[in-house]
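Trainee: Spelled out, the chains give:
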Amino acid sequence: MEKFFNIVQSVPLNHYILLSCILFSIGVIGVLTRRNAIVIFMSVELMLNAVNLLLAVFSVFRNDPSGQVFVFFVMALAAAEVAVGLAIIVMVYRNTSSIDINVLNKLKW
Amino acid sequence: MDKYIWLIPVLPLIGFVINGLGRNLLPKAVIGLIGTLLVFAAFGISIATFSQIHETGKAINVTLFQWINAGAMKIPFAFLVDQLSAIMLLIITGVGTLIHLYSAGYMSHDEGFGKFFAYLNLFVFFMLLLVMGSNYVIMFIGWEGVGLCSYLLIGFWYTNPDYADAAKKAFIMNRIGDLGFLLAIFVMVNVFGSASYNVIFAKVKMLEPGFWVITVITLLLFVGATGKSAQIPLFTWLPDAMAGPTPVSALIHAATMVTAGIYMIARSNALFSFAPVTMDIIAYIGLATALFAALIALTQTDIKKVLAYSTVSQLGYMFLGLGVGAFTGGFFHVITHAFFKALLFLGAGSVIHAMSGDQDMRNMGGLWKKVPITAWTMLIGTIAIAGIPPFSGFFSKDEILAHTYEHSKWMYGVGVLTAMLTSFYMFRLVFLTFFGKFRGTHEQEHHLHESPASMTIPLIVLAILSMVGGLIGVPHVLGGHHELAHFLKPVFDNPSLHNKVEELPASTEFMLMGLSVGVAVLALIYAWVKYVKNKHVPVRDGEERSLLATLSYNKFYVDELYDFLIRKPLDTASNFLYLVVDKMGIDGIVNAFGSAPLESSKGLRLLQSGNVGFYIFIMVIGVIAVLAYSLGLTDILHK
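These protein sequence lines are chains E and F, in that order. Residue 1 is where the first sequence starts when you use this note's numbering, and the numbers rise one by one after that. Residue 1 is where the second sequence starts when you use this note's numbering, and the numbers rise one by one after that.
Heads up, some of the hints might be wrong.
Each pair of labels, with its calculated beta carbon distance range [to be verified]: (1) F/Ile621 to E/Lys3: 20 to 30 Å; (2) E/Arg94 to F/Ile618: 20 to 30 Å; (3) F/Pro597 to E/Pro65: 25 to 35 Å; (4) E/Glu2 to F/Ile618: 26 to 36 Å.
Take a look, some chain F residues computed to stay more than 10 Å from chain E by CB distance [to be verified]: (5) Asp302; (6) His482; (7) Asp571.
Note that these hints are calculated values from the structure, not bench results. Note that beta-carbon positions come from the ideal geometry of N, C-alpha and C, so glycine has one too.
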């Protein structure tokens, strides 16, 4: 374990943060620009995992395991979210024969 | 007697309650009987009261209960019946009984018979309260009450909008006067600490004559009197008040209510004699009103309008009498005027009854043979009002004129001129109505008939009173004792009011009498020549009149003047307040509070496009903004 920590710490923290930011930004941009619900979903996963990465790295650098515990929580939550989200997408597809989110603009004022 | 005095006003009140509640249940005969008999019973008690006062010479003071008891101010519900109010009681209940009797005949075909008698009884109640109260507050209750009854009775046929307007006009003009009276009461309570006659009159004697507070009080009281007694500038309601049934005109607008102002000033003689300025103003206003109304009466063609302006003119005479210090004379004229003017109005009512409701003298003529009793009695009333001896009007008018002569020569001249005009327009009325040939339609001619006994009996009684009523005040110079002056002496016992006329040489007095009788007879002859011999008939509406006649016929455009000076600016101001201040200003603010959320939400709802991508975009922007803000904030805090 000690060795693994050393490997992780051998890369400077800034690099991890930068990587996370890039991953997160890609996720955000994906969510904003894509119309396909599944791609948006995938982008959301990307954002979640960017955060997970950051949590794990900070946990290692600060010698505090609670960060990694949070990662497990996020993973469990993401799994649940995927289950519900995919179900919604399936229903949307059955109702509109499309998974384009711009078709779903009935809910307004 | 003191124990039963409260019955005098209460009896008509009982009549009001019975007739008011049973107006649709009781048969007309019963209603008429109750209304008339109860007032007659009050008349009986009034006679008993009068004779007691006549014998003992003492005023009756009865406190029924303490009414207002607030700190230092105590206003009891108390009656004071002295010589002055005893005479008023006799006039109100006596003439009131006759007019009730007359109404039973005159109104017999009217649907609102019960209502009419209820109002009439209520009026008598309030009028009695007005004259019997022992302080100004009770008087004010009566004062307002008679105003209310006057309003109700003028607008009795309220389905006619003109009549309803006349009622409103009377009410509003009276309100202006009432405000003056009310303010006077406030000032008196403030200055003297009481509203009781006895207290105020005793305290005022300790003040200096001409003290400005007294002048203010008396002027305010006089404002009240101008409203109720139809003097310039508040006189225009009285001619319009003729919209009411004729018995109402006779009782309220000739014999009793309109003399309330004179009663009030006569009652307050102790105050007024301390305010020479007010006395002068009263004299001038009275004189101006007398002349002005007489000028208008000259050309009126509606029989009731002539009498209405004549009433205004005669009231002006009474105020002239009060103003020049002839309190007895002024009050004497109240008494005689009550007789002959009630007679004239009732006679006019009888004529209108015969004419099937037509009031235009241009359609009358030659009624003498058809309605002989009415004609004779009206002729007697006319002679009385014209001031031809020995009928009642001569004595009272002459007393006023003699005092006026003593006061100021030119005012006497105007007074005599007015007397001449009075004689002319009254004989014009008689000649146009009863002489010559009938000018109405065939239908009307066919229908002409003398009125029933219930209407002619009051006429005959009043005619007799108009003939002999003046004998209570025959002056010394004609060999009389002036019973009235002696009787009223305790009331007008005021050093500043001593009778100067008695100091006039007899020859001067005879000269004055001769002059006023002479001009009256001259006017009579001129009227006879013009309307009987030359058969002149006033021109129809729309035809050419001389300039002066046009002015007089149109009442000198006083109504139009008031319209222009008061109603129009008021209308404009209230329209401004309504349209600009209320509608735009206040409503605008209130509506703005409603429309601001509405309008802004109309704009904001466009953000809810339903486009999920857009929502997310906004969310991200929001997150970034929050992030930037909190980071920036921590930066600032750290620095």
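Trainee: The structure should be examined with respect to each hint, and the outcome stated for every one.
Mentor: Going down the list of hints, with the structure as the test:
no., hint, verdict
1, F/Ile621 to E/Lys3: 20 to 30 Å, "44 Å, violated"
2, E/Arg94 to F/Ile618: 20 to 30 Å, "29 Å, holds"
3, F/Pro597 to E/Pro65: 25 to 35 Å, "53 Å, violated"
4, E/Glu2 to F/Ile618: 26 to 36 Å, "47 Å, violated"
5, Asp302, "72 Å, holds"
6, His482, "96 Å, holds"
7, Asp571, "48 Å, holds"
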